[in-house]
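Sequence lines, in order, name chains A and B. Reminder that position 69 of the first sequence reads as 69 in the working numbering, one-by-one numbering, no gaps. Reminder that position 24 of the second sequence reads as 1024 in the working numbering, one-by-one numbering, no gaps.
No lab work stands behind these hints, which were simulated from the structure alone. Cβ coordinates follow ideal geometry from the N, Cα and C atoms, glycine included. Check each hint, because a few of them may be wrong.
Facing chain B, a subset of chain A residues (Cβ under 7 angstroms, in silico) [as the list claims (entries may be wrong)]:
#	residue
1	Met1
2	Pro3
3	Ala5
4	Phe6
5	Tyr8
6	Val37
7	Pro38
8	Asn41
9	His102
10	Trp103
11	Ala104
12	Asn107
13	Arg108
14	Leu187
15	Gly188
Here are the chains, one letter per residue:
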Amino acid sequence: MKPAAFEYQRVTTVAEAVKLLRDAPDAKVIAGGQSLVPLMNFRLTRPSLLVDVNGIKALQHVVWDGTYLRIGSLVRHQQIADHAEIQKHFPVLAVAARHIGHWAIRNRGTIGGSLAHADPASEWPAATVALQAEIDVEGPQGIRTVPASEFFQGYYSTVLQPDELVVAVRIPYPKFRLGFAEIARRLGDFALAGAFVEDDGGQGFVTWFGIADKPVRVHTVLPDNMEARREAWQQALGTLAIADDSKSRRHLAVQMAERAWQHSRLEGGKYLSEEAAGGDPL
Amino acid sequence: MNSKVPLKLTVNGETFDIEVEPRWLLSDVLRHQLGLVGTHVGCEQGACGACTVLIDGKPERSCLTFAIQVEGQQITTVEGLTRGEHLTPLQESFSAHHALQCGYCTPGMLLTATALLEQEPHPTEQRVREAISGNVCRCTGYQFIVDAILAVAGDTKEDVR
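Could you build all of it, start to finish, from the sequences and the hints given here?
Here you go:
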């Protein structure tokens, strides 16, 4: 289990990266490498060239301007979990970040890499869809902005072209409070099911991950009565093409939506600590 | 594409001038080029944590990083936790609490726990369990490892190393 041979180039600007990607169609970008390197170790992928973008300073910012949160694509998961302004204004992102892999993975893995990899069981694709983020990608023609709802196409598949690079994600301040929940077999494993829920008073949106080929933001009624709400989750779930459809998967999806909704009703600090404390989700 | 390139690798405070193929994993270069076999290789897909080293003080997977990527960064392996023959308080505590049996996971556990205690000298049991959740142990059932880490966290007020 060792990677096949490849050429290696380190870049310090996006333009350099794009030029290398354009000239070598089977090149791959390496950022954190926490998904790419396992695939290379198994030789499931054998790029001829690795373009190491870790030295691009321009992609390492987190900027909160009061309206939008802008996160550079090279920002590590753990930086998002620990970022004071994100914890304050977007606590749902800080909580979701803590569910990504393990500490050592979060120290290296990046948000841009996670979006480009588009694993349907991962947190960031669903987060960007749930929060109606926009994803900036840069290619030979310059920068284009893609709404997250149009970025993901299916399993490990996005609209990103081989010569394009995710450079940043821009997230508008949510109008209503969001909640998050996820269940995995062990802490840090990929989600069996997870959900972001936005409560707009009697109605709202749910975005699941880990249950279909890509995250979709689904509108739903959100009645106060718990039994009625469970019925609403079931209905919302009915609009999706569920992978490996089974009673247990539907059960988990409903449970995670319900738990995310309950978390959406907690205040900031309490939200952060209650979610972190875990507990039995079933 | 198999040609080697020169690399200056800084491990445990010492800089080594070596030649590597770009495809060589940091874990393999540490073991095969530098002879630092304390870094163990388990799954080579990031799941087991046996190969965990510190890169600029933060725990990372050496099997998911190419050696060529970490030029100029400070790598710490289990061999670098102490300068001489003695053990760190954390290592002593692992011994005292029977926190290892076969020892395969131990270097990764020690480095993860060292980084945790550096960052948070008095973590709760919950935090300790979260921090080492990325390090698989097939012998101990984890309880003695958690005990060993918490004992050091209780003992030392300032410098855990």
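Outcome of the hint check:
About 5 angstroms separates the beta-carbon of Met1/A from the nearest beta-carbon of chain B, less than 7 angstroms, and the hint is met. With its C-beta approaching chain B no nearer than about 5 angstroms, Pro3/A sits inside the 7 angstroms limit, and its interface hint holds. Because the closest C-beta pair between Ala5/A and chain B is about 4 angstroms apart, less than 7 angstroms, the hint holds. At about 6 angstroms, the closest approach between the beta carbon of Phe6/A and any beta carbon in chain B falls short of 7 angstroms, and the interface hint on this residue holds.
At a threshold of 7 angstroms, the smallest CB-CB gap from Tyr8/A to chain B is about 4 angstroms, leaving the interface hint in force. Interface hint status for Val37/A: upheld, as the beta-carbon distance to the closest one in chain B is roughly 4 angstroms, under 7 angstroms. Taking 7 angstroms as the C-beta cut-off, the interface hint given for Pro38/A holds, the closest approach to chain B being about 4 angstroms. Nearest Cβ of chain B to the Cβ of Asn41/A: about 5 angstroms, under the 7 angstroms cut. The hint holds.
Checking His102/A against chain B: minimum C-beta separation of about 2 angstroms stays under 7 angstroms; hint holds. Of the supplied interface hints, the one on Trp103/A holds, with its beta-carbon coming within about 6 angstroms of a beta-carbon of chain B, less than 7 angstroms. About 4 angstroms separates the beta-carbon of Ala104/A from the nearest beta-carbon of chain B, less than 7 angstroms, and the hint is met. This hint holds: Asn107/A has a C-beta 5 angstroms from the nearest C-beta of chain B, less than the 7 angstroms allowed.
The criterion of a C-beta within 7 angstroms of any C-beta in chain B is met by Arg108/A, whose closest approach is roughly 5 angstroms, and the hint holds. Annotation: interface hint on Leu187/A holds; nearest CB of chain B at approximately 4 angstroms, less than 7 angstroms. Interface restraint check: Gly188/A against chain B, minimum CB-CB distance 5 angstroms, threshold 7 angstroms, status holds.
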